[in-house]
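Each chain, written out:
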Amino acid sequence: MRTLYLGGRGIDMYLLYNHVQPKIDALSPDNKLIIGGGLLNGIPCLGSGRCDIAAKSPLTGAVGDSNVGGFFAPELRLAGFDHLVISGKAEKPVYLWVNDGEITVEDASHLWGQDTFEAQTTIRKDRNDDDIKSIVIGVAGENLVRFANVRTGMKNSAGRTGMGAVMGSKNLKAIAARGTTSIEFAHPDELLDYCKEMNDMIIGTRWAKAQSKWGTMIIYSNTNTTGLIRTKNFQLNRLEQGEDLEPEVIDRYSFGTSGCYGCVVHCRHRYTMKDGDDEPIFGEGPEYTSLGAFGTMVNCTKMDTVLKANHLVNKYGIDTLETGGLIAWAMELYEKGILTQAETDGLKLEWGDENVVFELIRKIALREGFGKVLADGFKPASAKIGKGSEYYAIQVKGMSNLHSDERPTPSFALGIATSTRGSDHLRSRPAIDLYGLPEDLLEEIYEGPVTSDSTVYEGKPRMIWWQERLYAVTDSIGTCKFQTVFCAVHAPKWNEFSKLIHLATGMEFSKPQLMEIGERIYTLERLFNLREGFSRKDDALSERYFKEPTPIGLPSAKGKTIDKERFEEMLDEYYALHKWDRNGVPTKEALERLGLDKEPSHML
Amino acid sequence: MKHGEDETMDKILFIDPEKCTGCRLCETACSLHHEKVVNPSLSRIHVAKWETAGLYIPVVCVQCESPICQTVCPVKAISRDEKTGAVVIDSNVCVGCRLCALYCPFAGVQIDLKKGRVLKCDLCGGSPECAKFCDPQALQYVKATTANMMKQRAAAQKFSELMKKMLVSP
Numbered sequence: 007m008r009t010l011y012l013g014g015r016g017i018d019m020y021l022l023y024n025h026v027q028p029k030i031d032a033l034s035p036d037n038k039l040i041i042g043g044g045l046l047n048g049i050p051c052l053g054s055g056r057c058d059i060a061a062k063s064p065l066t067g068a069v070g071d072s073n074v075g076g077f078f079a080p081e082l083r084l085a086g087f088d089h090l091v092i093s094g095k096a097e098k099p100v101y102l103w104v105n106d107g108e109i110t111v112e113d114a115s116h117l118w119g120q121d122t123f124e125a126q127t128t129i130r131k132d133r134n135d136d137d138i139k140s141i142v143i144g145v146a147g148e149n150l151v152r153f154a155n156v157r158t159g160m161k162n163s164a165g166r167t168g169m170g171a172v173m174g175s176k177n178l179k180a181i182a183a184r185g186t187t188s189i190e191f192a193h194p195d196e197l198l199d200y201c202k203e204m205n206d207m208i209i210g211t212r213w214a215k216a217q218s219k220w221g222t223m224i225i226y227s228n229t230n231t232t233g234l235i236r237t238k239n240f241q242l243n244r245l246e247q248g249e250d251l252e253p254e255v256i257d258r259y260s261f262g263t264s265g266c267y268g269c270v271v272h273c274r275h276r277y278t279m280k281d282g283d284d285e286p287i288f289g290e291g292p293e294y295t296s297l298g299a300f301g302t303m304v305n306c307t308k309m310d311t312v313l314k315a316n317h318l319v320n321k322y323g324i325d326t327l328e329t330g331g332l333i334a335w336a337m338e339l340y341e342k343g344i345l346t347q348a349e350t351d352g353l354k355l356e357w358g359d360e361n362v363v364f365e366l367i368r369k370i371a372l373r374e375g376f377g378k379v380l381a382d383g384f385k386p387a388s389a390k391i392g393k394g395s396e397y398y399a400i401q402v403k404g405m406s407n408l409h410s411d412e413r414p415t416p417s418f419a420l421g422i423a424t425s426t427r428g429s430d431h432l433r434s435r436p437a438i439d440l441y442g443l444p445e446d447l448l449e450e451i452y453e454g455p456v457t458s459d460s461t462v463y464e465g466k467p468r469m470i471w472w473q474e475r476l477y478a479v480t481d482s483i484g485t486c487k488f489q490t491v492f493c494a495v496h497a498p499k500w501n502e503f504s505k506l507i508h509l510a511t512g513m514e515f516s517k518p519q520l521m522e523i524g525e526r527i528y529t530l531e532r533l534f535n536l537r538e539g540f541s542r543k544d545d546a547l548s549e550r551y552f553k554e555p556t557p558i559g560l561p562s563a564k565g566k567t568i569d570k571e572r573f574e575e576m577l578d579e580y581y582a583l584h585k586w587d588r589n590g591v592p593t594k595e596a597l598e599r600l601g602l603d604k605e606p607s608h609m610l
Numbered sequence: 003m004k005h006g007e008d009e010t011m012d013k014i015l016f017i018d019p020e021k022c023t024g025c026r027l028c029e030t031a032c033s034l035h036h037e038k039v040v041n042p043s044l045s046r047i048h049v050a051k052w053e054t055a056g057l058y059i060p061v062v063c064v065q066c067e068s069p070i071c072q073t074v075c076p077v078k079a080i081s082r083d084e085k086t087g088a089v090v091i092d093s094n095v096c097v098g099c100r101l102c103a104l105y106c107p108f109a110g111v112q113i114d115l116k117k118g119r120v121l122k123c124d125l126c127g128g129s130p131e132c133a134k135f136c137d138p139q140a141l142q143y144v145k146a147t148t149a150n151m152m153k154q155r156a157a158a159q160k161f162s163e164l165m166k167k168m169l170v171s172p
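Just so you know, the sequences run in chain order A and B.
Letter by letter, the first sequence follows residues 7 to 610 of the numbering used here.
Letter by letter, the second sequence follows residues 3 to 172 of the numbering used here.
Among the hints, a few may not be true.
[As the list claims (entries may be wrong)] Distance ranges between label pairs, derived from CB positions:
1. 93/A with 59/B: 40 to 48 Å
2. 210/A with 92/B: 55 to 63 Å
3. 54/B with 93/A: 30 to 38 Å
These are calculated hints, taken from the structure and not from any lab test.
Every residue gets a Cβ at the ideal spot worked out from N, C-alpha and C, and that includes glycine.
Model the full structure from these sequences, guided by the hints.
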């Protein structure tokens, strides 16, 4: 199994494809919740604490999958487990206690209703151990909000695709782990030295240095200047008077940064803020994503708004991006008269009103009034609202796009359209496409003809195909995407992964073998989606990408649409690279080559 | 005691909790170096965390000049390594009574019941792995004079910030 799928996301996907029967209701006891530690969890480099959580997604009906940092996965491993498959449904709220080789089911009735911070603290208090690491759901997960997150620590969220709702549907409030067993390695001394080298390699990149100071907020400075950032849902591509969202502003609130397990980048801030007469808030973050979700997308121009909203979504346990995307959409519908106060519980959904944002977050998490409509995600909500509201929904396969504006960047557009878990930048985004790097350097990385100009269509499918495989392997060894070729060019990739795997496990993988594993995982995800009825028609973008040109920005970003014909050509080329047919179905030869022709082999 | 000529004797493991990001690379590297496995419960260093307040404090032996552990050890198993200045436990002499762990006010000694022993920092023989892995420099292995200077400069900076605040709003 490890030679075919490594661990983490790879093995999770195998388990998902083999354990989940086709066309089941994702919120029924038939769905499986799969928790997977990465192959390299625990090593002292590359943020090796990543955990992969999978199930059929209740938001999209496609692959549900979320990769989360923090400290849970190493603790699960220290407690003696790599993968958990949870099926059925508990009669009353429970949590799982995983401790040194044993798993017990514990009563969680006193945790039900607690927010994601309280629940973790309560478990620690109950068991009198501050080093317990838990993954938990908040009230949103209990209420089956279809984009509820699974959370761990103050900051880490297993976001997108609604894994928190699947947990909630099983009456499972938390999984708590504590372990004192050892993680053993094939070559411990060489591993220690090589991990040190990896950390130096990472922190030696300019990207990691910038990120260790500002976090992903650093991206905002670039994208908002260029005009690559969705504003007022999809109406503008730059936030005017957006100075208060610049990363430096976090200095007003931050007292230091915080890192996940085994990470030298420490990309998030520990911040405090005073919230009226209430107790001061302590939170971690925010990500670039939240600057968009509760800043540009809803036309709010204050860091205060972003930080408070970030804290709220984390407390309730809902996806920051999906929530912001839905609120921005509702605001545009209100502006267009498609929604009125009659449907919104009397709320005036006006741009830039932070109180509306806070109130809608609450209503979504509690499934209250108009929040109940949004809590099911774009597709059910637009079906319910009707009146052409679907046109304004910026989503793929029912999942919200990031607030980045992909109209000027065909590579990014292709990536979100084809991602196996619905609109997503973490499946395949070739972020370095924005850097205008020399073509020969890019061709060396991507191993074939690609282009340096981020506004053209040529060569982009190859970039997506390469990144898909790299990220699939990264998610499977359990290290952080920020510590491979995502935003940093000179970061560890295939050969470094190969050496780390060898030193840690003794297993040998050549670069082509690792790339093939990436291909196998991605193809298996594709098979899952095909089995659920998805096809080429779903590898699509909202119509607005083709019809409405970007109104502002620098010359590389202004006046851009995605050309429909050329988009379809990219799709053809992308399928061909994968050896999939014109409908996006893997050919028999491709499946045989990857050893997938007999899957599912153990349908349970 | 008098420090020797060897330059590692002039160095201390300097801890600055304000710089700690809580990543636990120190714990991981420590157990991998000493035990050849990753197991924080066998690390000589531990990051104590108050997660909901964002407070992280590395806890490790501070290599006292007059070590309490040495005083209470009934079999004289604890001595100072003349090369590194580390207070070390001779496992051949130690009887595993754990008095050192009980009396240390800094939690510098850990109990390993599985193997019936106590664990403490030996500064990795003069090249502590934890400090090598701590990029934010919450842990630094530096000369005592350098550590003094760093503390002084940090204090001076805080003082200057305080002065600025007082000048703006007296």
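Status of each hint after checking the structure:
| no. | hint | result |
| --- | --- | --- |
| 1 | 93/A with 59/B: 40 to 48 Å | holds (41 Å) |
| 2 | 210/A with 92/B: 55 to 63 Å | violated (41 Å) |
| 3 | 54/B with 93/A: 30 to 38 Å | holds (33 Å) |
Hint check: a violation occurs at hint 2 only; the rest are consistent with the structure.
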